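Trainee: Chains A and B supply the protein sequences, listed in that same order.
Sequential numbering from 133 applies to the first sequence in my numbering.
Sequential numbering from 189 applies to the second sequence in my numbering.
Bear in mind the hints are in silico, worked out from the structure with no lab data behind them.
Be aware that a few hints might be false.
Here are the simulated distance ranges between beta carbons [claimed, not checked]: (1) Asp140/A <-> Pro271/B: 27 to 35 Å; (2) Pro211/A <-> Ser255/B: 42 to 50 Å; (3) Pro249/A <-> Ser268/B: 23 to 31 Å; (4) Val200/B <-> Gln248/A: 32 to 40 Å; (5) Pro172/A <-> Val200/B: 29 to 37 Å; (6) Gly185/A <-> Lys202/B: 28 to 36 Å; (7) Ser158/A <-> Gly204/B: 34 to 42 Å; (8) Glu152/A <-> Asn250/B: 32 to 40 Å.
Everything numeric in this text was worked out from a predicted model, so none of it was measured.
Think of the CB as a built atom: it goes at the ideal place given N, C-alpha and C, for glycine as much as any other residue.
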Amino acid sequence: AQSVTQLDSQVPVFEEAPVELRCNYSSSVSVYLFWYVQYPNQGLQLLLKYLSGSTLVKGINGFEAEFNKSQTSFHLRKPSVHISDTAEYFCAVSPVISGGGADGLTFGKGTHLIIQP
Amino acid sequence: NAGVTQTPKFQVLKTGQSMTLQCAQDMNHEYMSWYRQDPGMGLRLIHYSVGAGITDQGEVPNGYNVSRSTTEDFPLRLLSAAPSQTSVYFCASKHREVSGYTFGSGTRLTVV
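Pulled out of the complex, with its shape left as it was, chain A reads as follows:
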């Protein structure tokens, strides 16, 4: 079984400042890692994912994340945020299964990013 901990339920940041949203996971097997964003009253949109290879992953909207296997972390960062980045951000994992895998995602409880003008 897997578990995901998002260390901050809410992160207020001033516009154009950098931000880091923290995510730690626990799993007895290798996992794929994901960050999703949910804008108000909308579904979830994939920001980025780590499957293998380079531990620094770049996603959409200027976001990036770094996989740290020893610390079991997958923190999300953006060097300069905009008002439009206000949203809920979810970290998620799924187990690595040969052939792509069928298991669903295990989500963290989410971090609400609030951009202040």
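Use these hints to put chain B onto chain A, whose structure you have.
Mentor: What follows is chain B alone, placed relative to chain A:
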């Protein structure tokens, strides 16, 4: 290409009523799943399917039934709605060989 389509977008039910939440995808994805989202809880897996005719339970399956008669459709049935099932429900799908699901826009269900 519509992606993952969920209907209805909003629904109010009385306790004990039954209903079906519809989910359809036009991407020929083998895998489909249902999640519920509750405040402060993130998303939790209800049921999932790896192909037509095959379904399995997720983390919170009680009170919900699913079936997968076609690749495109994966309906979620509430046989006797309870207030604890008030939530936002998301359907998601993906290809077998691809990691990362595509989500629908959700159904907001209120049980009174």
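Trainee: Give a verdict on every hint.
Mentor: Verification of the hints:
At roughly 30 Å, the beta-carbon separation of Asp140/A and Pro271/B lies within the given 27 to 35 Å, and the hint holds. Distance hint check for Pro211/A and Ser255/B: the Cβ-Cβ separation is about 47 Å, which falls inside the suggested range of 42 to 50 Å. Under the hint 23 to 31 Å, the C-beta atoms of Pro249/A and Ser268/B, about 48 Å apart, miss the expected range. For Val200/B paired with Gln248/A, a C-beta distance near 36 Å keeps the hint of 32 to 40 Å intact.
Under the hint 29 to 37 Å, the C-beta atoms of Pro172/A and Val200/B, about 21 Å apart, miss the expected range. Between Gly185/A and Lys202/B the beta carbon distance is about 52 Å. The supplied range of 28 to 36 Å is therefore violated. About 39 Å separates the C-beta atoms of Ser158/A and Gly204/B, a value consistent with the hinted range of 34 to 42 Å. Between Glu152/A and Asn250/B the beta carbons are some 37 Å apart, a value that agrees with the proposed interval 32 to 40 Å.
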